[in-house]
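Enquirer: Please take these sequences and the hints and turn them into a complete structure.
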Amino acid sequence: GAVVSQHPSWVICKSGTSVKIECRSLDFQATTMFWYRQFPKQSLMLMATSNEGSKATYEQGVEKDKFLINHASLTLSTLTVTSAHPEDSSFYICSASTTAVAQETQYFGPGTRLLVL
Amino acid sequence: AQSVTQPDIHITVSEGASLELRCNYSYGATPYLFWYVQSPGQGLQLLLKYFSGDTLVQGIKGFEAEFKRSQSSFNLRKPSVHWSDAAEYFCAVAPTGFQKLVFGTGTRLLVSP
Numbered sequence: 162g163a164v165v166s167q168h169p170s171w172v173i174c175k176s177g178t179s180v181k182i183e184c185r186s187l188d189f190q191a192t193t194m195f196w197y198r199q200f201p202k203q204s205l206m207l208m209a210t211s212n213e214g215s216k217a218t219y220e221q222g223v224e225k226d227k228f229l230i231n232h233a234s235l236t237l238s239t240l241t242v243t244s245a246h247p248e249d250s251s252f253y254i255c256s257a258s259t260t261a262v263a264q265e266t267q268y269f270g271p272g273t274r275l276l277v278l
Numbered sequence: 125a126q127s128v129t130q131p132d133i134h135i136t137v138s139e140g141a142s143l144e145l146r147c148n149y150s151y152g153a154t155p156y157l158f159w160y161v162q163s164p165g166q167g168l169q170l171l172l173k174y175f176s177g178d179t180l181v182q183g184i185k186g187f188e189a190e191f192k193r194s195q196s197s198f199n200l201r202k203p204s205v206h207w208s209d210a211a212e213y214f215c216a217v218a219p220t221g222f223q224k225l226v227f228g229t230g231t232r233l234l235v236s237p
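In the order they appear, the protein sequences are chains E and F. Residue numbers for the first sequence follow our numbering, beginning at 162 and rising by one. Residue numbers for the second sequence follow our numbering, beginning at 125 and rising by one.
Under the rule of at most 20 angstroms between Cα atoms (straight-line distance), these lysine to aspartate or glutamate pairs were calculated in the EDC-like manner:
| # | chain 1 | residue 1 | chain 2 | residue 2 |
| --- | --- | --- | --- | --- |
| 1 | F | 224 | E | 213 |
| 2 | E | 202 | F | 209 |
| 3 | E | 202 | F | 132 |
| 4 | F | 173 | E | 265 |
| 5 | E | 225 | E | 248 |
Just so you know, these hints were derived from the structure itself, not from any lab. Computed from a predicted structure; not experimentally measured.
Expert: Set out below in structure tokens:
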């Protein structure tokens, strides 16, 4: 099946620094990629949807200047958490799909755990 | 607003016993419905999905789910649980037909010997 990787798998950073998380589709071209955030013992919350070559669409309440998303190629999307603060500590998960329609399967990466000190 | 409810936070089942995980959704029309499983260190894996047609859906790993419109439910079942089924299970809906998934809070399945 289709594989999505994330790098790094975990990261610890100091407050005020920026952190970049990569999401790659390894064996298929992902027209659409999604970024989720998961708090402990809570559900996944969609942060944004990105289509290759265009600006990401952010969900209500998600600061686009805080969470910069770039989808420059059909196999790579990046999420940059700018000026990270402890409240940004979370588990970030990406997923990828060949189209934006619900009938098409979303393939999920293993997640990146971010801890901001 | 669309929402997904998984009323059981934890469920413990004996190995070999049957399993049913509950999922209810709140939406005006019939959304697209999904069940995912999340194991530590691995990405969410799609177990099954329902879009239309037969309301009993077969998935991978011996799982099935039944869509009941009258109850706005999409419960996941397995007749005989294996120890390897221990994981977190998420029900999700795509209300608009596009890939904007709304997830439930998950049910953690524990399998006892």
